[in-house]
Amino acid sequence: MDDKFKRIALENSDSIVQMWMEEVDISKDDNYTTTISDELFESTNREFVNVIFTSIKNQGSSKILEDFSEKLVNLGWPLSYITDGLHIFRRVTIDYILSQSEQVDSAFISNVLQSVDAWVEPIIRQLVNEYSGSWENIVSLQRLALQELSAPLIPVMDNITIMPLIGTIDTERAKLIMENVLEGVIKHNSEVVLMDITGVPVVDTMVAHHIIQAAEAVRLVGATCILVGIRPEIAQTIVNLGIDLGKFPTKSSLKKGFQKALEITNRKVETISSKEEIKNMLKSLNGE
Amino acid sequence: MSLQSRVNIQKEWDIVGARQVGRDIAKKTGFGTVDQARIATAISELARNIYLYASSGQIYFEVIDNINQKGICMIAVDKGPGIDDISQAMEDGFTTSGGLGAGLPGVKRLMDVFDIKSEKGKGTEIKAIKWLR
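First to last, the sequence lines map onto chains F and R. UniProt numbering applies: residue 1 is where the first sequence begins, and numbers increase by one. UniProt numbering applies: residue 1 is where the second sequence begins, and numbers increase by one.
Watch out, some of these pointers could steer you wrong.
[Claimed, not checked] Derived DSSO-like pairs: lysine-lysine, alpha-carbon spacing no greater than 27 Å straight-line:
| # | chain 1 | residue 1 | chain 2 | residue 2 |
| --- | --- | --- | --- | --- |
| 1 | R | Lys11 | R | Lys120 |
| 2 | F | Lys279 | F | Lys268 |
| 3 | R | Lys127 | R | Lys27 |
| 4 | R | Lys117 | R | Lys127 |
| 5 | F | Lys247 | R | Lys108 |
| 6 | R | Lys11 | F | Lys175 |
Since the hints were made in silico from the structure, they are not lab data. This one's a predicted model, so the numbers in the text were calculated from it and none came from an experiment.
Excised from the complex, chain R in its bound form (with noise of 0.2 Å):
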């Protein structure tokens, strides 16, 4: 693994911020324009519910380089509630925000991989990797 940055999340304008270094890396790892999308958003919805449950948070990019594999992997980290029951979050519509309930189940989607860890007051961390085609 190499090429390691850090984002912090505390404003709504650290989303775009974390966005657009996501962007820069994967266009920089040679991902197209509609993987280059889907790992911007994948990160958008991350870096909003750091900014929406926790407050405040942190996604580390990192670019994966082995021999058989090239890819992208964020590990968006954050101290906050942590999520009461995964399998409720990770389903389509389930929302205590009010807003669609597609973020967790969606960046599952449109990830390659996806590993989510929460434990009850200490937080959350999620990591997701796309690979490049």
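If we strip away everything but chain F, and leave its shape as in the complex, we get (with noise of 0.2 Å):
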């Protein structure tokens, strides 16, 4: 029975893909962004369906919907776009054969779902895995290139550091700068550590609980934390929540940070004298 079906809907292949393309466009209109051109849609639906019969024939070819589901992720499609498919796949299917089929009894009718459902529900569930795992994998990756740029810290000259903090710091942010910074502090030999939260969007208290943590501990281990770069709103929204940020020096911007750490390890910028200067004092000197 199930193979008599298959054929079927092999041989009549053309017409099916026929009705499915009819049904999917009109489907395109409501469901999916009208930015995806008419051309890229025709071209992906043909795959689409070369896709589904590709794999009812031979069962179970793992690498071209593997392939697809890929291709849809790279693309952006939504995953509705495939579920749709299958879904219309399945009904004009079955209209189809039992349109071709002469006595049509309710036994008929069960067989004819079963084997049509028996065919498109692994490629639904395989589609889907794959399109959710590709997912996953991409989710996976940017967490860790997020992490990759959690907490840097820059030797940036000798006994100073800087810590530059981007972006919102969550609970394992938090733990990865206190862990970085003592790292840090111990490998550069550092005297001071600039902490630099410009790019930090919004200071509440969990964040500023573990600034000040860090900074205690910087302390205990024998340095200076400067908490630098903290702007005119945020400076306020601290004053407001009562946040004691007393305990070390804090300063507007990385520059005058950089000052002040310069000043704690003894040290001054000074403007050289250009090169025309220098010859002008050598000569004088010669001159006499």
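Assembly of the complex is requested from the two constituent chains, each provided in isolation within its own frame, with the hints serving as guidance.
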């Protein structure tokens, strides 16, 4: 029985494809973004229906399903495209087989339903798995990428290190910041650590708490932590929240913080007089 | 009142989502950068309280647009354990989680209207409004 239906479907694949295309075209307007060009939509549909037929023909060919779902993820198409497409395919195929058969009773209908379901279900399952798998992969890669730019420590000068913080600080990052800053202080033998929060969008009590803890830990290992990059609006919210950041020095900008750091390490920036002046000085010395 | 939106808080990153939604609404309503930062910080505190103590809950945002006043209203609702002693929770420096204990009193100072209702074992509802001046 099943083989017979399969034969009907495969032999008349052209007309089924035709019907399927029409149905999918109707659903395009209300389901998907109009930014997808008609040609791309058309060609992807052709590929999709080919994928369906090939996997019905030789059951368990996972490679093309894998490729197809990966392509959809790369194009950024919604998962509903896959599920809708396959549901339409199921409906169209059942309609077609029923219209091609002479005697139709309830047992026959249930047979048709059963066998078409048996073709389509594994494809849905596999495509959805592949699709979500691809997404999970992307998400985990981005997580890793995010972690990599989490809390870098930059030694700019002997004994002076800068830690620029950019983006939201969550518990995981806060832990990383603490570990990195302490490790860095020991490794670079820093006397002063400048923690720059210019790129932190919101400083709430949790973030402040973690910063205070990190600064306190830095103090314990014998270095000074200067908090820099406090924007005016952040300063106001910190005051409103009633957070006490008085235990360590703070500065509005990295530049001012750096000057302070130089002061602490008994150094200062001096402008060297230009070459011209030096020449003149030498000349006047020679003239004497 | 108009334009209501809701953010579910379940994961730590939902706090960031809630903050973003609130900041966008505040920007559209016409708040300046300082007030935007205040609103975002207040949302952050409320959302973190939900995440820390109730593990899940919602934050609702509303734009208030009356004849004489305009502002943003947010309501944080959870079905968590509730607060034992509200006046104690509103004290500076009181904490049960090892934090700074500045969250709730801080939100009260950041916003213009602050209203808290809590029933032990039933949950907590906090309403906060910032007026546009």
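key: Holds or violated: R/Lys127 to R/Lys27, with C-alpha atoms at most 27 Å apart   = At roughly 20 Å apart (the allowed maximum being 27 Å), R/Lys27 and R/Lys127 satisfy the hint.
ask   = Holds or violated: are the alpha carbons of R/Lys11 and R/Lys120 at most 27 Å from each other?
value = Given pair R/Lys11, R/Lys120 holds - Cα atoms ~23 Å apart, limit 27 Å.
task = Mind checking the alpha carbons of R/Lys11 and F/Lys175 for me, to see if they're no more than 27 Å apart?
result = Given pair R/Lys11, F/Lys175 holds - Cα atoms ~17 Å apart, limit 27 Å.
Restraint check for R/Lys117 with R/Lys127, where alpha carbons must lie at most 27 Å apart = 9 Å, holds
key: Hinted pair F/Lys247 and R/Lys108, Cα distance within 27 Å   = 25 Å, holds
message = Tell me if the straight-line CA distance from F/Lys279 to F/Lys268 falls inside 27 Å.
response = Given pair F/Lys279, F/Lys268 holds - Cα atoms ~25 Å apart, limit 27 Å.
Comparing the model with each earlier hint shows no violations; every hint is respected.
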